[in-house]
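2 protein chains.
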Amino acid sequence: MQNFDVEKLHPGLSIDCVIFGFHENELKILILKLKNLNKWALPGGFVEVDKDVDAEAAEVLKRRAGLENIFLRQFYLFGDVARNENDHARKMVDQEVIAPELRDWFEQRFVTVGYYALVEYSKVKAPTPDYTSESCEWRSISELPSLILDHRDILARAHATLKKELNNQPIGMNLLPDHFTMSELQALYETVLEKKLDRRNFRRRMLSYDILIPTNKRRTGVAHKAPMLYEFDRKKYQEAMVSGFRSTW
Amino acid sequence: MQNFDVEKLHPGLSIDCVIFGFHENELKILILKLKNLNKWALPGGFVEVDKDVDAEAAEVLKRRAGLENIFLRQFYLFGDVARNENDHARKMVDQEVIAPELRDWFEQRFVTVGYYALVEYSKVKAPTPDYTSESCEWRSISELPSLILDHRDILARAHATLKKELNNQPIGMNLLPDHFTMSELQALYETVLEKKLDRRNFRRRMLSYDILIPTNKRRTGVAHKAPMLYEFDRKKYQEAMVSGFRSTW
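Sequences listed follow chains A and B, in order.
Following the UniProt record's numbering, the numbering of the first sequence begins with 1 at its first residue and continues without gaps.
Following the UniProt record's numbering, the numbering of the second sequence begins with 1 at its first residue and continues without gaps.
Here chain A stands alone, though its shape is the one from the complex (with noise of 0.2 Å):
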């Protein structure tokens, strides 16, 4: 067991990050198993008190999933006092997956800020388990194991915003090759948003959105019509991650 001084942490506070995995047209989240309970959690952490708050939810980025500058945004502070409510601590001591003096820092009401990220997880090599759990693997969201605290929860709200934002910002990059057919963009949309969606009305409002360049080549091998590629224009893709939208105001 990793031993870590809680002087130099933040009283109070906690970071819970959930990485969506998109893979062949699969969504995942990254989870891991803590040690001597049958019980799930999103990777996170505490801060420490001379660090800013969103490095160090890059860095469980980093540390669980070896990733490093990906898109990862902060969404909300989960505060409410019943997500306090529980037993956790209690067991943490006596399933000794921490140290019983740890008990009273485990025990103080946290307030937790919540962080997203989307990541092509065939390139992530390896996840790593931290020192409080066993293994650390990416689960299909529709068939996740019982999670702790309020991490369902919180997984919920990462994915309904993720959805919402779908609305005002661009997505794909890291995702897809960086060439890509305009059915692969709409596997990627559909996946996210859990739906089908009409392949005329995709293709124009994609367009609309003025993020793509059609590229003079097409994907070749396919059996019927072989389908154009488009690239993203990165600068205007960066900039609509910053502001949105903007080109029907």
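Think of the hints as simulated: they come from the structure by calculation, not from any bench.
Hints may be right or wrong, so weigh each one.
Unchecked claim - Pairs of lysine-lysine, DSS-like flavour, derived with a Cα cap of 25 Å:
#, chain 1, residue 1, chain 2, residue 2
1, B, Lys235, A, Lys164
2, A, Lys236, B, Lys196
3, A, Lys163, A, Lys195
4, B, Lys195, B, Lys163
5, A, Lys195, B, Lys236
6, A, Lys236, B, Lys33
7, B, Lys163, A, Lys235
8, A, Lys164, B, Lys62
9, B, Lys125, B, Lys28
10, A, Lys236, B, Lys28
11, B, Lys33, B, Lys62
12, A, Lys164, B, Lys28
Put chain B on the given structure of chain A with help from the hints.
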């Protein structure tokens, strides 16, 4: 000076509210003038350990502006270390704004949860200062005095968030009269976005959101052709507040 029992408060956690006021096509914010200091601050406060964070923010809005059941959105946790590198606590003690025994409390590292609200400020009877401040006033966002700490950054991020969210959710309830013209709605958008919009594009876009109901009434007493009055479809408006505009997927 009001005493408060720091033992009852969540350590290192505060809230700050950016209360935007709209009236006659002007955007203002509510700020407090600190006692004995020629400095202004956003309304805010601390979080009692047995209270929900979002509920404490609603309390700030109620105590400072007398407003309840107003749309109030959490938008960001400001968690950089640099925001604490200041001599604000020392000045507060020196100027007898707070008692010397509270200095340790005020000098700990704080993270603050930012909220924003948008209200019709003619409905706010008398903004009420807190125990650290001598007045509470509406000030135009284009002519603000010097604000403490990172409150100017918090305001800027709140305004940027509000502008961005206009791409994805409605605005206007509680700000416009129950029946309003398309021009009045457009004027609200122009005030928040700080730019002029094309009349025809604006109208087309608003109608596509499917949240407006045309009434059979017209605004009378105007010089030329009497414009149509609209009202919000309250159910669809509330749905869009939660899930974003979905009309086009």
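Each hint, compared with the structure:
A C-alpha spacing of about 18 Å is found between Lys235/B and Lys164/A, which places the hinted pair at or below 25 Å, so the restraint holds. Of the supplied pair hints, the one linking Lys236/A and Lys196/B holds, its CA atoms being roughly 22 Å apart against a limit of 25 Å. Between Lys163/A and Lys195/A, the direct Cα distance comes to roughly 11 Å. Compliance with the 25 Å bound is thereby established for this hinted pair. Under the criterion of a C-alpha separation no larger than 25 Å, the hint pairing Lys195/B with Lys163/B is consistent with the structure, at around 11 Å.
In summary, the hint linking Lys195/A to Lys236/B is supported, as the alpha carbons are separated by about 20 Å, within the 25 Å threshold. Only pairs whose Cα atoms come within 25 Å are accepted, and Lys236/A paired with Lys33/B is rejected, the gap being roughly 41 Å. For the hint pairing Lys163/B with Lys235/A, the CA-to-CA distance comes to about 20 Å; that is within 25 Å, so the pair holds. Restraint check for Lys164/A and Lys62/B: the C-alpha separation of about 29 Å exceeds 25 Å, so the hint is violated.
Taking the CA atoms of Lys125/B and Lys28/B, the gap is about 15 Å. The hint holds against a cut of 25 Å. Proximity of Lys236/A to Lys28/B is assessed by CA-CA distance (about 31 Å); at most 25 Å being required, the pair is judged violated. The hinted pair formed by Lys33/B and Lys62/B meets the criterion: a straight-line CA distance of about 18 Å does not exceed 25 Å. Between Lys164/A and Lys28/B, the direct Cα distance comes to roughly 28 Å. Violation of the 25 Å bound is thereby established for this hinted pair.
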